[in-house]
Every structure is written in C-alpha cells, then in structure tokens.
Amino acid sequence: EPEVTQTPSHQVTQMGQEVILRCVPISNHLYFYWYRQILGQKVEFLVSFYNNEISEKSEIFDDQFSVERPDGSNFTLKIRSTKLEDSAMYFCASTQPGPSGGNEQFFGPGTRLTVL
Amino acid sequence: DQQVKQNSPSLSVQEGRISILNCDYTNSMFDYFLWYKKYPAEGPTFLISISSIKDKNEDGRFTVFLNKSAKHLSLHIVPSQPGDSAVYFCAAAGGGADGLTFGKGTHLIIQP
Numbered sequence: 001e002p003e004v005t006q007t008p009s010h011q012v013t014q015m016g017q018e019v020i021l022r023c024v025p026i027s028n029h030l031y032f033y034w035y036r037q038i039l040g041q042k043v044e045f046l047v048s049f050y051n052n053e054i055s056e057k058s059e060i061f062d063d064q065f066s067v068e069r070p071d072g073s074n075f076t077l078k079i080r081s082t083k084l085e086d087s088a089m090y091f092c093a094s095t096q097p098g099p100s101g102g103n104e105q106f107f108g109p110g111t112r113l114t115v116l
Numbered sequence: 001d002q003q004v005k006q007n008s009p010s011l012s013v014q015e016g017r018i019s020i021l022n023c024d025y026t027n028s029m030f031d032y033f034l035w036y037k038k039y040p041a042e043g044p045t046f047l048i049s050i051s052s053i054k055d056k057n058e059d060g061r062f063t064v065f066l067n068k069s070a071k072h073l074s075l076h077i078v079p080s081q082p083g084d085s086a087v088y089f090c091a092a093a094g095g096g097a098d099g100l101t102f103g104k105g106t107h108l109i110i111q112p
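Chains as they are written, first to last, in the numbering used here: chain A, 1 to 116; chain B, 1 to 112.
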C-alpha cells in the first residue's frame, strides 16, 4: 500500500541553524501539507502546497519557513534559523481530493526536530 | 481559540463493548470531518470521514455520526478491541483540499 515517507526520523540541531525536513508524498497525490505537533499539544496545520505554489498557510508559517518541491518526488520544509520553540514532531501529508470533495489526508511517520 | 474540541482527554472501555468518542466544533464553515488514530512516535492514521451533507458514515466497526445543528460529531467503535487503544483525533476542514484543524485528542484505553 502506498505511503508517505519522511527523512530523517530524528534531527538534532543548534539554535540558529538551518534545517531541511524531507518528505516523499504518495505518488499520484497532488496536494501536500506540513503539520507540527509540539509535545503534549495538538497537531497544527502549517502550510499546503499545490501546483508548485503555496495554497494556504497558517500564522505559524512565518518568514523563517519555506517549502519546495525540488523534483518530481520530494517535498521539503526548510526552517531558516531554528529557535528552541521549533522543537516538535513535523508531519508531512498528502491527498488527492475525490469527486465528492473528500479530503482524506495521509500522513507520514514524522520527523522529530530537537533544537538545542 | 479552539475551533475543534475534544473534551475528554481519556476514555477507558472494556474489550467487546462500544467506545464512543465525541467532538464539537465552532466554525460553521467546516464541511468535512475526519477521525484519525495515532500511536506514540507514529503519524496520524486516517480512519473514517464524513461530509456535512450526511449524518452517518459506516466502515466496518467504525461509524461516525454528524449532528450539524449541534455542531457535534461522534465516533463509535463496536466491538472495541485491544488494538484500538490509541489517541483518537477529530479533524475538520472547510472543503476542497484545505488544511485540517485538529482537536487535542482522546486517549482510548481498551481494558481486557
């Protein structure tokens, strides 16, 4: 069964450093997403991406964040200058809405980002 | 501002009985609702969804009920099995391919 994959599973970085989190969405999906979950809190939407551009973003997704689809399979989230509060699980998701408008998003296993 | 609320942080149910997980929402623009199951250190796994034009959707042991006037939905699992022990998240979207708004989750524990 096709699945969303993410690398790395765990990333440790120093405050102020840049990190790139990588995702391979399900191959026939056209909509891609990033979410995060700070420990003990709910899953929060960051950004959605379609047709090589951002279609929606939350207030969390400020100028230090960017997304890119560098090739036909990868989807990346870059955090330019990490802060302690960026420590969280980051989940990638993808979907291909059905004719009835369904929005079942399929999630990857996540990348745990630890900022020291 | 919690647009999707799951007021029970945890729920304990005996194996074989029915588990009922509840979710309330405040945003009238939501028209698609989903339930996800999550184990520790894994991503959310899609379980079942419902469009606002329906009031019930069933898939095997899982049934989701939607009461639009009350802005309330529930997930019924029957019969409950030990493997159902996990955190269950309610999520909502405005339609199309919008980002999902999640509740805080309910930790379901199935007792043998």
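Quick caveat, the hints were computed from the structure, so don't treat them as lab data.
Be aware that one or more of the hints could be misleading.
Claimed, not checked - Think about it this way: if two alpha-carbon atoms lie no more than 20 Å apart in a straight line, the pair counts; the simulated SDA-like pairs of lysine to any residue are:
(1) K42(A) x H107(B)
(2) K57(A) x N27(B)
(3) K5(B) x R80(A)
(4) K54(B) x G96(B)
(5) K54(B) x P97(A)
(6) K42(A) x Q14(B)
(7) K104(B) x L116(A)
(8) K57(A) x M29(B)
(9) K68(B) x Q3(B)
(10) K42(A) x F46(B)
(11) K42(A) x P9(B)
(12) K54(B) x E104(A)
(13) K38(B) x S69(B)
(14) K42(A) x E42(B)
(15) K42(A) x S10(B)
(16) K42(A) x S69(B)
(17) K56(B) x P9(B)
(18) K5(B) x V87(B)
(19) K42(A) x A41(B)
(20) K104(B) x R112(A)
(21) K5(B) x E44(A)
(22) K68(B) x S85(B)
(23) K54(B) x K38(B)
(24) K104(B) x P97(A)
(25) K5(B) x I38(A)
(26) K104(B) x K78(A)
(27) K42(A) x P40(B)
(28) K104(B) x G40(A)
(29) K57(A) x Q3(B)
(30) K57(A) x G95(B)
(31) K38(B) x R69(A)
(32) K42(A) x K54(B)
(33) K104(B) x Q41(A)
(34) K42(A) x Y39(B)
(35) K78(A) x L116(A)
(36) K104(B) x N22(B)
(37) K68(B) x G102(A)
Said to hold, decoys possible - Here are some chain A residues the structure puts well away from chain B; computed CB gaps all over 10 Å:
(38) T7
(39) P8
(40) Q11
No experiment lies behind these values; they were computed from the predicted model shown.
Each residue gets a CB set at the ideal place from its N, CA and C atoms; glycine is no exception.
Hint check against the structure, violated hint numbers in rising order: 3, 6, 7, 13, 16, 17, 22, 23, 24, 26, 31 and 32
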